[in-house]
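Enquirer: Sequence:
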Amino acid sequence: MEQLTEQQRMLRARISTAADQAVSRNFTENLIADRADAWAKALGHTPSTAELTTFTLNEFRGLMEDTLFRIMDGEQR
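For what it's worth, full-length UniProt numbering labels the leading residue of the sequence shown as 1, then goes sequentially.
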(Lines of atoms letter the chains of each structure in order from A; the text may use other names.)
(Lines give C-alpha, C1' and ligand atoms only; values in the text may rest on other atoms or scores of the structure.)
Protein backbone atom coordinates (compact mmCIF):
# COMPACT_ATOMS: atom_id res chain seq x y z
CA MET A 1 0.00 0.00 0.00
CA GLU A 2 1.32 3.41 -0.88
CA GLN A 3 2.47 5.75 1.84
CA LEU A 4 0.68 9.07 1.80
CA THR A 5 2.03 12.30 3.15
CA GLU A 6 -0.02 14.17 5.70
CA GLN A 7 -0.90 16.74 3.03
CA GLN A 8 -2.16 13.99 0.70
CA ARG A 9 -4.27 12.44 3.47
CA MET A 10 -5.77 15.83 4.29
CA LEU A 11 -6.56 16.50 0.62
CA ARG A 12 -8.21 13.09 0.23
CA ALA A 13 -10.28 13.73 3.34
CA ARG A 14 -11.36 17.15 2.01
CA ILE A 15 -12.31 15.65 -1.36
CA SER A 16 -14.27 12.86 0.29
CA THR A 17 -16.12 15.25 2.60
CA ALA A 18 -16.86 17.71 -0.21
CA ALA A 19 -18.10 14.91 -2.46
CA ASP A 20 -20.39 13.57 0.27
CA GLN A 21 -21.82 17.03 0.89
CA ALA A 22 -22.28 17.76 -2.82
CA VAL A 23 -24.07 14.47 -3.43
CA SER A 24 -26.28 14.98 -0.38
CA ARG A 25 -27.29 18.44 -1.62
CA ASN A 26 -27.62 17.74 -5.35
CA PHE A 27 -28.57 14.11 -5.70
CA THR A 28 -31.74 13.80 -3.71
CA GLU A 29 -34.36 11.56 -5.28
CA ASN A 30 -36.66 14.50 -6.01
CA LEU A 31 -33.95 16.68 -7.59
CA ILE A 32 -32.76 13.86 -9.85
CA ALA A 33 -36.34 13.01 -10.79
CA ASP A 34 -37.07 16.65 -11.66
CA ARG A 35 -33.92 16.96 -13.80
CA ALA A 36 -34.59 13.62 -15.50
CA ASP A 37 -38.21 14.62 -16.22
CA ALA A 38 -37.10 17.91 -17.77
CA TRP A 39 -34.49 16.08 -19.82
CA ALA A 40 -37.02 13.45 -20.98
CA LYS A 41 -39.41 16.20 -22.10
CA ALA A 42 -36.60 17.82 -24.08
CA LEU A 43 -35.81 14.45 -25.70
CA GLY A 44 -39.39 14.10 -26.86
CA HIS A 45 -39.62 10.45 -25.87
CA THR A 46 -39.44 8.27 -22.80
CA PRO A 47 -35.75 7.51 -22.26
CA SER A 48 -34.52 3.95 -22.05
CA THR A 49 -32.82 2.62 -18.95
CA ALA A 50 -29.46 3.02 -20.69
CA GLU A 51 -30.23 6.66 -21.55
CA LEU A 52 -31.30 7.37 -17.96
CA THR A 53 -28.16 5.72 -16.63
CA THR A 54 -25.98 7.77 -18.96
CA PHE A 55 -27.84 10.94 -17.96
CA THR A 56 -27.36 10.24 -14.25
CA LEU A 57 -23.68 9.38 -14.66
CA ASN A 58 -23.09 12.59 -16.62
CA GLU A 59 -24.88 14.61 -13.93
CA PHE A 60 -22.72 12.96 -11.28
CA ARG A 61 -19.53 13.51 -13.28
CA GLY A 62 -20.29 17.20 -13.64
CA LEU A 63 -20.98 17.51 -9.94
CA MET A 64 -17.71 15.80 -9.02
CA GLU A 65 -15.74 17.98 -11.45
CA ASP A 66 -17.27 21.12 -9.97
CA THR A 67 -16.47 19.90 -6.47
CA LEU A 68 -12.85 19.11 -7.33
CA PHE A 69 -12.38 22.45 -9.09
CA ARG A 70 -13.70 24.28 -6.00
CA ILE A 71 -11.26 22.36 -3.81
CA MET A 72 -8.36 23.05 -6.17
CA ASP A 73 -9.26 26.75 -6.31
CA GLY A 74 -9.22 26.82 -2.51
CA GLU A 75 -5.78 25.19 -2.46
CA GLN A 76 -4.34 27.97 -4.61
CA ARG A 77 -5.44 30.77 -2.29
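For the record, the hints were derived by calculation from the structure and aren't laboratory data. Glycine included, each C-beta is placed from N, C-alpha and C at the ideal position. Accuracy of the hints is not assured; some may be wrong.
Stated by the list, open to error - Computed spacing ranges between beta-carbons, pair by pair:
1. S16 - T56: 18 to 24 angstroms
2. T17 - T56: 18 to 24 angstroms
3. R35 - M10: 38 to 44 angstroms
Enquirer: It remains to establish, for every hint, whether it holds in the given structure.
Expert: Hint check:
| no. | hint | verdict |
| --- | --- | --- |
| 1 | S16 - T56: 18 to 24 angstroms | 21 angstroms, holds |
| 2 | T17 - T56: 18 to 24 angstroms | 22 angstroms, holds |
| 3 | R35 - M10: 38 to 44 angstroms | 33 angstroms, violated |
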